[in-house]
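A.B. asks: These are the residues of each chain, in order.
Protein chains: 2
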Amino acid sequence: MADYLFENAHLLTMSGDGVGYVRNGAIAVENGRIKAVGATSDLKQSVVAKETIDARNMCIMPGLIDGHMHASYAVVRGVAQDIWNWMQAGLAPYHKYMTPAAFLAGTRCAVVEGIKAGTTLFGDYAWPVDGWGDVFASAGVRAVLTARINSLPAQGMAGLKIGDLYPFDEARGKETIDQATAFIDNWNRAYDGRINVMYGPQGPDMIGLDQFMECKKMAADRGLMVHVHTAQGDREIDQMVKRYGERTPAFLQEIGYLDEQLLAVHLTEATDEETELIAKSGAKMALCSGSIGIIDGIVPPAHVFRQAGGSVCLGSDQAAGNNCHNIWNEMKLTSLFNKIKYKDPTTLPAWEVLRMGTIEGAKALGLDDEIGSLEVGKKADLICLDVTEANVLPILDGPIRTLVPNLIFAATGREVVHSMIDGKFVMRDRIINTLDEQAIRENVQIQGEIVANNVAADPVQRSMKLLEAMEAGNL
Amino acid sequence: MADYLFENAHLLTMSGDGVGYVRNGAIAVENGRIKAVGATSDLKQSVVAKETIDARNMCIMPGLIDGHMHASYAVVRGVAQDIWNWMQAGLAPYHKYMTPAAFLAGTRCAVVEGIKAGTTLFGDYAWPVDGWGDVFASAGVRAVLTARINSLPAQGMAGLKIGDLYPFDEARGKETIDQATAFIDNWNRAYDGRINVMYGPQGPDMIGLDQFMECKKMAADRGLMVHVHTAQGDREIDQMVKRYGERTPAFLQEIGYLDEQLLAVHLTEATDEETELIAKSGAKMALCSGSIGIIDGIVPPAHVFRQAGGSVCLGSDQAAGNNCHNIWNEMKLTSLFNKIKYKDPTTLPAWEVLRMGTIEGAKALGLDDEIGSLEVGKKADLICLDVTEANVLPILDGPIRTLVPNLIFAATGREVVHSMIDGKFVMRDRIINTLDEQAIRENVQIQGEIVANNVAADPVQRSMKLLEAMEAGNL
Chain A
1 MADYLFENAH
11 LLTMSGDGVG
21 YVRNGAIAVE
31 NGRIKAVGAT
41 SDLKQSVVAK
51 ETIDARNMCI
61 MPGLIDGHMH
71 ASYAVVRGVA
81 QDIWNWMQAG
91 LAPYHKYMTP
101 AAFLAGTRCA
111 VVEGIKAGTT
121 LFGDYAWPVD
131 GWGDVFASAG
141 VRAVLTARIN
151 SLPAQGMAGL
161 KIGDLYPFDE
171 ARGKETIDQA
181 TAFIDNWNRA
191 YDGRINVMYG
201 PQGPDMIGLD
211 QFMECKKMAA
221 DRGLMVHVHT
231 AQGDREIDQM
241 VKRYGERTPA
251 FLQEIGYLDE
261 QLLAVHLTEA
271 TDEETELIAK
281 SGAKMALCSG
291 SIGIIDGIVP
301 PAHVFRQAGG
311 SVCLGSDQAA
321 GNNCHNIWNE
331 MKLTSLFNKI
341 KYKDPTTLPA
351 WEVLRMGTIE
361 GAKALGLDDE
371 IGSLEVGKKA
381 DLICLDVTEA
391 NVLPILDGPI
401 RTLVPNLIFA
411 ATGREVVHSM
421 IDGKFVMRDR
431 IINTLDEQAI
441 RENVQIQGEI
451 VANNVAADPV
461 QRSMKLLEAM
471 EAGNL
Chain B
1 MADYLFENAH
11 LLTMSGDGVG
21 YVRNGAIAVE
31 NGRIKAVGAT
41 SDLKQSVVAK
51 ETIDARNMCI
61 MPGLIDGHMH
71 ASYAVVRGVA
81 QDIWNWMQAG
91 LAPYHKYMTP
101 AAFLAGTRCA
111 VVEGIKAGTT
121 LFGDYAWPVD
131 GWGDVFASAG
141 VRAVLTARIN
151 SLPAQGMAGL
161 KIGDLYPFDE
171 ARGKETIDQA
181 TAFIDNWNRA
191 YDGRINVMYG
201 PQGPDMIGLD
211 QFMECKKMAA
221 DRGLMVHVHT
231 AQGDREIDQM
241 VKRYGERTPA
251 FLQEIGYLDE
261 QLLAVHLTEA
271 TDEETELIAK
281 SGAKMALCSG
291 SIGIIDGIVP
301 PAHVFRQAGG
311 SVCLGSDQAA
321 GNNCHNIWNE
331 MKLTSLFNKI
341 KYKDPTTLPA
351 WEVLRMGTIE
361 GAKALGLDDE
371 IGSLEVGKKA
381 DLICLDVTEA
391 NVLPILDGPI
401 RTLVPNLIFA
411 ATGREVVHSM
421 IDGKFVMRDR
431 IINTLDEQAI
441 RENVQIQGEI
451 VANNVAADPV
461 QRSMKLLEAM
471 EAGNL
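Residue numbers (our numbering), protein chains in the order written: chain A, 1 to 475; chain B, 1 to 475.
Bound-form chain A, shown alone (with noise of 0.2 Å):
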């Protein structure tokens, strides 16, 4: 007997090359996975189930994929936009204060967030601070978890001029990736595969070139993919080029590091070149349109490498400049970027950021046989949107039928009413079941300004660009 049928819906499957659209569409879930997917007057004969659920006027589609933040940044969202050099100029000041307290109430706080909008997995890229991987566990979300592995000292570089090599410390490179292993192998496919880990590198300019190789070698002992930042930033580059005379990609070929097993994270400075060449190593791209947009003003090659046949999986980055975890977000600002930076209305149409929401998120994360797509043996990661709201009105099925178009370029996430990971409501009329979502969002408020407060008494936040906005009465 089936757990629960949902009947009467809207389904965007994404199952074959496009949406997957089912008029009249029912789903039904038995033991965490999708049992059968069809017509409505299909499953009412063929399922008997113990809830039925009436999802008319609702579009039922997978559940949306983030495959790259960094969600702990959530409890100082906002203070690294509209500047140049956000990291050192904004985001620094308040990372030095990041205690594990405020580290675990960003990440709650954008998992609560991600939910609500629809995202069911989290491609999360962080220090393993201890309670980490419980947040995503304890919240019943799907995770991919990559915990961050350098060999940059552990001091900081405050010393260094713009353009010196980065010191390498072997020990403290080892000390990552034994604190990432650890993490790996406690983690791995826990919770009946709902929490995945990738090895991750954080950049192939932080780390040891043989520490580098080892992460891979460890990665595929495992079976997992190694999550790295790749041609995100001209220092990168720079760097690349001084230590070993080639532009990323060229080196990564060169020492073996594109195949499958490689999601390569943003892309910001690649030439489309260099992107056909990662996309055709048959190595993954995460792509931050939000992020990336306003903290450096640059589109990433993502239509050249979808063109090159790679897959992209979207990602939200850091709320402290995007500055939010949204994948309706990232999905329609994919979409429009790509329009304007190639002068083309018909660049990157609503069901292709649609599918990289989806099911090509989920191939680029390796998960494809698992999620992505509503079909049968597939794991029960969907979500109900009302489809009534104004704002997405009318939906009309033919000649052209609107709903895609008008979920991507007019929905906001607040139209998610039920979210159901692994066959578990997570959430049921935009109520969370896991978590306590008051406590949550108390707590990151309380948590930010213990950040902030730090922050103003210490004088190294007489250097942050955003002063001059507070001085002028723009904040």
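Incorrect hints may have been included.
Said to hold, decoys possible - To give an idea of the chain A side of the interface with chain B (calculated C-beta under 7 Å), a few residues:
#	residue
1	Asp344
2	Val404
3	Val455
What the hints assert, rightly or not - Far from chain B by the CB rule (all over 12 Å, computed), these chain A residues:
#	residue
4	Trp127
5	Val129
6	Gly156
7	Asn188
8	Asp192
9	Ile255
10	Phe337
11	Pro405
12	Glu415
FYI, nobody ran anything at the bench for these hints, they're computed from the structure. Values in this document were obtained by computation on a predicted structure and should not be read as measured data. Here a beta-carbon is modelled for each residue, glycine too, at the ideal position from N, C-alpha and C.
Got chain A sorted already, so can you dock chain B onto it with the hints?
C.D. replies: Using the frame of chain A, we list chain B on its own:
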């Protein structure tokens, strides 16, 4: 005695050159106008009110200004994006079947959508079908209504080849001018100035010169602005060069059209030099970032216009291809698109686009004496936002105040809980008091389906570009 006293709020008064933030602020409203603004501690002493509203954990700011819309097309939301030539290859087949009932259904839907996202002023541009003005009047919203004027043949221009000069029909021009004038004289400053009007020659390429000049004169006689699509596309520029030997901006200067009376819409095709010319003349600009981004892949030159000292209002344009009427969307996209256009993350920061959505928008419409900021004596058009939602938290007060960037880059519009226009609650606790939202949502679905069914039965639909996407299973 004041009618209302809001207290304990974050105020964004938008007075002065910045955002006019007041911590723990209060605002008193009496007889439709703002009676006092300041610290809660002060107003609690000085103001006696019939009702006191505790706005703790809320942000109160001026209502948002949507300076350019074609609201009726909400009835065919989503039929004209992701294609070239959106108007002919997407919208036109639907436009053909826009009955007055469909027109009004779409307009009402857009008004609901706008109110719920914090819009208090609707700058609608349309054929003045019976009942059009009443939609805004009865909804209790502020409006600037412009009835379309042109001298294009009423039967359409089906026989015309691309590049042929549009034939002008002077009798048709007179008919539309007379119709608009009747509307204007009926509605100008109606409802104690809540409903405002402009003269609206559709574009300098769509009406004969004498009648174009006549519009400006008739507007001037009444102290009104002219609302004109200006340099909106390459077809317009082509018409102008062929007919008058000059591109639009130079021609408008020559005939004396460039002055404070002009609201120039789009400027999609204006060069930076032309944009500066228009801005320095005192003319105003309406910027539709979302719409022009989706349908053209272009970022209009609003940043140049602002740098040259001009005032810019934002507009949601039309939902056939935008696909929403949400000024939060327009503010965010305006900032991000321009950061990308100029590859500079400091371009159009949060506070500047917030000004475009409020006080600068009011200036662009010639209404800044009455609205656009929370200042004593101005009309009480204001919105209250819940700033305890996870997507905008935390709200940090210093050293960097995060309220404005978090609203601009992370709010969706759904944070708006109350909307007051002319001192009256139009929406309270997200319930719109002035109209039957449920009936409007049902009606736009019904009317949209009627239009779509007519399109489906018409051979003209076979030329629609999105049919290919339908056939491919992408919609």
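A.B. asks: Which constraints among the numbered hints does this structure fail? Numbers only, ascending.
C.D. replies: Violated: hints 10, 11, 12.
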